[in-house]
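**Student:** The listed protein sequences correspond, in order, to chains A and B. For what it's worth, this note's numbering labels the leading residue of the first sequence as 1296, then goes sequentially. For what it's worth, this note's numbering labels the leading residue of the second sequence as 1296, then goes sequentially.
No lab work stands behind these hints: they were computed from the structure. Hints are supplied without guarantee of correctness; some may be wrong.
Pairs involving identical chains hold if they fit within one copy or between any two copies, as the list cannot separate such chains.
What the hints assert, rightly or not - Straight-line C-alpha distance at most 20 Å; calculated EDC-like pairs for lysine to aspartate or glutamate:
| id | residue 1 | residue 2 |
| --- | --- | --- |
| 1 | 1450 | 1343 |
| 2 | 1450 | 1376 |
| 3 | 1512 | 1496 |
| 4 | 1387 | 1427 |
Number of protein chains: 2
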Amino acid sequence: MVQTDFESVYKEAFPFWNEITEAEREHICSNSVEKIFQKGENIHDSSECSGVILVRSGCLRVYMLSESGKDITLYRLYSGDMCILSASCVLKTITFDVFIDAEEDSSCYLISGPAFMKVSESNPKIKIFSLETAVSRFSDVMWVMQQILFMSMDKRLAIFLLDESSRTNSDIIALTHEQIARYMGSAREVVSRMLKYFASEGFVEVSRKGVKLLDRKGLRELAL
Amino acid sequence: MVQTDFESVYKEAFPFWNEITEAEREHICSNSVEKIFQKGENIHDSSECSGVILVRSGCLRVYMLSESGKDITLYRLYSGDMCILSASCVLKTITFDVFIDAEEDSSCYLISGPAFMKVSESNPKIKIFSLETAVSRFSDVMWVMQQILFMSMDKRLAIFLLDESSRTNSDIIALTHEQIARYMGSAREVVSRMLKYFASEGFVEVSRKGVKLLDRKGLRELAL
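Excised from the complex, chain A in its bound form (with noise of 0.2 Å):
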């Protein structure tokens, strides 16, 4: 068996890891995990401690669950980036669950959450820098609120798209409209007349494959 190589990545990953002790360094290591996760598995599961999460590849969707089942997306981890949010055990004052899924295969590397919190509790640095990237996520969140609630959903579903193509570097957006919707927290049938508008204006064309992309200068100013 193949030793996972831990320390290296973490090298990277951690601001901090070179001003933790060598035992510090032996413990966060000997209590990590890689992980590999489906398309669609997930990861973590409200208010449980599932521990930090380092992202190697992939892509994971961090949401909100309501009773009723509906679901709101409130950011995206990809490579490189670490999830604080579920380890609720690590920082008290997260007092909200959320949920997170595999959007894409995704490989991770998963920090027990009391060894985490043994050694954050020791070493301030550690502290302020899970605490910093909690913080960078109630900036996200807070964008993502001002979308929600104030943004007319022309503008959001232009952002959206522009944002959806460039970041999977194609004209064509590969997604049915309902889980357009979903990711934008909105109904699947508000999608589809806001798109058959998008169409008729001659910004997108769409088909059983997706949405195409056909006037980004038309998208860009309704994002505007």
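Here the structure of chain A is known, so what remains is to put chain B in place on it, guided by the hints.
**Tutor:** For chain B alone, kept in the frame of chain A given last:
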């Protein structure tokens, strides 16, 4: 002129107070001012760094504002609460803007952002305290978001009325429908319609004085 005794107040409010040097304490106190705000007065306005606010008495309302002027309450601060989101220069990871108004006549101590940051940079305990304060506001905001996105209006209004009643220790919620709607991030029409329904069910009585709670048990069942 009577010198404000910041020190005796900060000693109670800040858990780190006894762990910083005499010179640091002096630096914070000499960069503090006492300010009185009238009910309705704007205290903090978007991205400027107003400094760290410690509420002595009264009530501050922290909210988001859209371009079109629509606003939504994120949380309120009462006596003893500290506001760090008004000092965006202190926490670099906060990239969003909030607005703060005095909801009642309020007395506050303001510590200048640069002064607080200077002491915070050399002192991990202050930094951790500031970040933890921000993260607990994150928890508040997530709760608001859950309410807005997922809960049905009858449930939200029932919770609001019960909370407000217990906070003010009164059966009468002396707010207009317009004000209630603003607090809840809803529209006046929606609140009026729902209150009419609540009145028809005998839960409340609506008059010019405000909303009187008649059937707490009924409201509590709705709020479940």
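**Student:** Hint by hint, say whether it matches the structure.
**Tutor:** Do the hints match the structure? See the list:
1. 1450 <-> 1343: neither (37 Å within a copy, 27 Å between copies)
2. 1450 <-> 1376: Classified as neither; 28 Å inside a copy, 37 Å across copies.
3. 1512 <-> 1496: Within one copy only: 12 Å inside a chain, 54 Å across chains, cut-off 20 Å.
4. 1387 <-> 1427: For residue 1387 and residue 1427, both the intra-copy (14 Å) and inter-copy (9 Å) Cα distances are at most 20 Å.
Against the hints set out earlier in the document, violations occur for numbers 1, 2.
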